[in-house]
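Engineer: Input sequences plus hints: build the corresponding full structure.
Residue strings, one per chain:
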Amino acid sequence: MSTEVKHEGSLGVAMKRKEDPRFIQGKGRYVDDISLPSMLYMALVRSPYPHAEITSIDISQALKVPGVKAVITGKDLDAAGLGWLPTFHGLDKQMVLALGKVLFQYQEVAAVFAETRGAAADGAEAVEVEYKPLPVVADPFAAKADKVILRPDRERKTNHIYHWEVGDKDGTARALAASPKRIKQRIWFQRCHPAPLEPCGCVAQFDTMGRLQFYVTSQAPHVYRTALAIVTGIPEDKIHVISPDIGGGFGNKVPVYPGYVCAIVGALKLARPVKWIETRTENLTSTGFARDYHMDVEIGATAEGRVTALHVATTADHGAFDAAADPTKYPAGMFGVVTGSYDFPVAHAEVDAYFTNKAPGGIAYRCSFRVTEASFAIERAMDILADELNMTAADLRRKNFIRKEQFPYPSPLGFTYDSGDYQKTLDTALEKIGYNDLLKEQAAKRARGELMGIGISTFTEVVGAGPSKHFDILGIKMFDSAEIRIHPTGAGIVRAGTKSQGQGHETTWAQIVAEELGLDPQNIMVEEGDTDTAPYGLGTYASRSTPVAGAAIAMAARRVREKARKVAAHLLEVAEADVEWKEYKFQVRGVPAKSVTMKEVAFAAYTNMAQNEPGLEASYYYDPPNMTFPNGTYVAVVDIDRETGESKVRKFLAVDDCGTIINPLIVEGQIHGGLTEGFAMAFMQEIQYDSEGNHLNTNFTDYLVPTSQETPHWETAQTVTPSPHHPIGAKGVGESPNVGSPAAFVNAVMDALSPLGVRHIDMPLTREKVWRAIRDAEAKKKQL
Amino acid sequence: MIPAAFEYLRAHSTDEAFTHLQQHGGEARVLAGGQSLIPAMRFRLARPAVLVDINGIEELNFLRPRSGVLAIGAIARDSDIERAAWIGERRWSLLHDASRMVADPVVRQMGTVVGSLCHNDPAGDWTAVALAARAEVVVRGKSGQRTVAVDDFLVDSFTTRVGEGELALEVRFPVPDERTAGSYQKVERKVGDFATAAGAVQVSLNVDGTIRGAGVTLSAAGPCAIRVEEAERLLTGQKPSVELLRAAADAASRRSSPQADLRGSVEYKKNLAGVLVARGLAQALQRLGVRL
Amino acid sequence: MKVNVQVNGVPYERDVEPRTLLAYFLREACGLTGTHVGCDTSSCGCCVVVMDGSRAVKSCTLFAVQADGHALLTVEGLAEGGKLHPLQQGFWDQHGLQCGYCTPGMLLASYALLKHNPNPNETEIREALAGNLCRCTGYQNIVKAVQQAARSNANAGTSQ
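Residue numbers (my numbering), protein chains in the order written: chain B, 20 to 803; chain U, 724 to 1015; chain R, 13 to 172.
Accuracy of the hints is not assured; some may be wrong.
[Said to hold, decoys possible] Chain R regions said to be covered by chain B (calculated; three or more residues, Cβ under 8 Å):
| hint | segment |
| --- | --- |
| 1 | 35 to 44 |
| 2 | 106 to 112 |
[As the list claims (entries may be wrong)] Dumping the calculated DSS-like pairs for lysine-lysine here, alpha-carbon to alpha-carbon at most 30 Å:
| hint | chain 1 | residue 1 | chain 2 | residue 2 |
| --- | --- | --- | --- | --- |
| 3 | B | LYS667 | R | LYS156 |
| 4 | U | LYS865 | B | LYS464 |
| 5 | R | LYS156 | B | LYS670 |
| 6 | B | LYS35 | B | LYS670 |
| 7 | R | LYS95 | B | LYS37 |
| 8 | B | LYS37 | R | LYS14 |
| 9 | U | LYS913 | R | LYS127 |
| 10 | R | LYS156 | B | LYS451 |
| 11 | B | LYS112 | B | LYS176 |
[Unchecked claim] A few chain R residues that don't get close to chain B, going by computed Cβ distances all over 12 Å:
| hint | residue |
| --- | --- |
| 12 | ASP64 |
| 13 | HIS82 |
| 14 | HIS128 |
| 15 | ALA166 |
Because the hints were derived from the structure by calculation, they are not lab data. For glycine and all other residues, C-beta sits at the position ideal for the given N, C-alpha and C.
Structural biologist: So, in structure tokens, the structure goes:
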């Protein structure tokens, strides 16, 4: 009998991360760390024009550059049937290398392969391309007019990509018309970019067996493998995708990029490994951007402040190709969660998307598939409504929250929210931040003409894509998977279909297994990202890992436990029915002193298993029954410097409810990071194009990532309302801070400006925008 | 991004550096901190055929306050000033502030003051500071060494009095007296950004509390850093007051002639010029113990 | 062009083009891939190494040839004899990293900070690390990591 330390459980434990030792010693293995013998480097030639015909491409000078081995263009790819790539959303395709014309500035035009990075760069510079500029469609409203058709390759000759809607159109219109109070506001969530610190890249090699070894920064390696098999015609068993360590994803590393296909073609054609690592400029100008939703939000309410109806009509800018990586049936993602935390009797949401001469994309930057846009819209609009009704932001929310008793709550736009206690979360937040004292302080400051604001965001988001009856990517249903194998000495390995880019799966997945099996998480190895060994999964993005793969892991572990129980019964010399799992061990029912640990059972599974199947392993493919609905209350306190327009975030409290918490340290870290990204979007980030289609924020000099000096201090807290349908009650949390925080910041600034009568300012709330709003409002006042 | 190829020459003495520069003329660039030059080379916006590395020239590595003059050698780093033993002294408060706001704390460990002056970015920090402090640059040319006042040294964006084949050796700041303080005010969208607007002030007081002299300059307000002569005139001989500061600030706002860009419109930047000069003057005076 | 440089106490002699940036020299010529490249405008700090004992430099904004004759410390050289440096321990204990990409640069910038200021407060740490970007952590735990290292140094009576 063992004298082991009593197992205390592994959920809710703030254990240090197991993956850290390699990162803190500089021994991580990122794609650019991979160097293969006789490897070539690839550089891309890109278009300086946003919209132009390509009249000629002369590669002769490039081929003369010492070290350059080959140059390919769109024509070469097209001849091989690789001219176009299906987008993940499946309703469009995008050019790999430009075919006949270019549709956005920095679009890929040619690929150069050379012996060194320097030679590849020199070769790219030497490719001579002649363009004939075409008129530019610079924004979706211009695109709507269809004066210049950007995609004549498509069946319908229009810049309008799709119309999507959900909800009760007529009922909503009637309810709005009948409402005593109404507000309507155009709210733009500006184009942003996730900008992970590691840019995208790959190393492609056809090995001696003719297999494609493809190392790539991919958040979804299995999907890549299947997509590449479909696109290239290489049989899927001959493709090995390996996502090594990834330096941040945030949705930027979900799409398959033209550079990847070019690298694979180069590796095949030249029979040498090819490495392609993009530059920061390439990353910001051509890879998956996020947002760019122009939303017209209308809310109706009774005079007492009870909301009656919500209508949102959105114009979406997708760039030159619809490469937004949404699940197939959801061209506007989960935008239908725009009713937020509120009980709207009726609602209607619609999205019209357009092509423009900009980089393709739309789904990225921790958006949970457009939930960031939806949440921002409703939280801003509720504040505007509160102002209109002369109610405080908190009171209006309280009056309209979905009540605890209403869960599971069927929203008017088709979601069934699993659980939540919004009232409690709001109360917790306001109490913790000292809301009443802040209101007093604000009143005193206002009397002195000082601008102080308190902003609240009470968001509900929807993650965990998703149930097979609704969700698929390229037809593949959005389940996820786990394989667990326990070794004779009680250590083990779990492989999952997800792929961490910093979320800590090597620790949290081990904690789930350890919790379910009473083992030491330090001895549960976690593996992800290698498509030869990991079970098929849809990857990590949209906060789906814990809801889906986390569930698969728990369920696989329970299958292991069931197998183990048989062996335990044998060891305990009782019938299986008399064995129960209690206090992290197998006990004889009614005789707790008679027990065996999982460790002992593991050994027996290999050495003394009797009639039972030898070994101890199981897998599980989990099809979630529903999405999960993390939620929270965020409160921001802001002071505005009138003379410069600077908004100083003095205080920020995030109270999150992500259900069961696996590792509080990791959850807190996710929230800090997401709040910092929300802060960036609210105050300084924007991907801008001028009216001629020129990209204005091509590097970190002009696309702004906040430093440690600007970033506020974050206070965090949790309420826990487990998800009733998840095996361990967890909901996921990675994207909540991005979803919920922009509105908290903007609501705070608008609250500060409310004595001046300023109603709304679009993000980013730069100093100048705020300065101008103050100045214009004061000038107006003087006139009256 | 990979720079275009170049020939690299490392100089071990000022004479050697000068010889290389004279030999290669316009084809050569001096490599000191490199924190402006190398990024430009990475984008292939700068493509010098020859780089003359002066980082190994010990005789150019000095930061010397001596009688009446603070001499800063061509390869003295921004961080050397930031950490100088005397940088906390009130007389050096303008340099104190600026040395903490140039670029970012790591770039400052390679970047140089002289290099920054020679680069003459319209939104650079050291140019406005050197102008406000009335510094001089020592340049070595074919006919020997000469001293150029910063007002004259800064010609146009990215253009200075350092000609082809010449080498800037040091910048000399007059050592301010006991009754002098300064302030550098900079609005940047984040650390590491160029200034949206910046103002450098240095104020000296008479024994009776009136202003003996002032340097008031702006960065990101024109093709080069500019001196707000009107503000300096208004301040000289006057007793500090809220109205006086406002007048000086208004003068700065009027004098400011910025370009509109992603950082701000002309109107906003001109507004900031006034705000920052007012704040800079207030802080400098507060450092001198003057309450307004 | 020949470059002789000492990295983490080990001499390296390599022949490279003058235009080779120090970051790529370390990663490719020396095989030390812990130093990372994250941008092209010297903004992100993923490439920070320490030169000559205490000077933090952005190795993407230095040519390898400039480092000839100098001593460099990269992240691979922080741990000694298998024992983690207090900064590394601090980052681990305080969850000061997530994806790990900015971590080497953060460690080295912090190293240089502690050389000059062995007991920095939060403001000083945030100011000193403002040349290093992070997208994952929001910086808060990085500050705690550096504070832990500073305390640990103080307890050990060292200034590592």
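Engineer: Does each hint fit the structure? Answer for all of them.
Structural biologist: Status of the hints after comparison with the structure:
1. 35 to 44: holds (count 4)
2. 106 to 112: holds (count 5)
3. B/LYS667 with R/LYS156: With Cα atoms ~22 Å apart, B/LYS667 and R/LYS156 stay inside 30 Å; holds.
4. U/LYS865 with B/LYS464: Outside the cut-off at roughly 64 Å; violated.
5. R/LYS156 with B/LYS670: holds (18 Å)
6. B/LYS35 with B/LYS670: Roughly 28 Å separates the two Cα atoms, so the pair holds.
7. R/LYS95 with B/LYS37: holds (17 Å)
8. B/LYS37 with R/LYS14: violated (41 Å)
9. U/LYS913 with R/LYS127: holds (26 Å)
10. R/LYS156 with B/LYS451: Given pair R/LYS156, B/LYS451 holds - Cα atoms ~23 Å apart, limit 30 Å.
11. B/LYS112 with B/LYS176: holds (15 Å)
12. ASP64: Since the minimum Cβ distance to chain B is about 20 Å, R/ASP64 lies beyond 12 Å and the statement holds.
13. HIS82: holds (19 Å)
14. HIS128: The claim holds: R/HIS128 sits with its nearest Cβ about 17 Å from chain B, beyond 12 Å.
15. ALA166: holds (21 Å)
In terms of the numbered hints stated before, the structure departs from hints 4 and 8, listed from lowest to highest.
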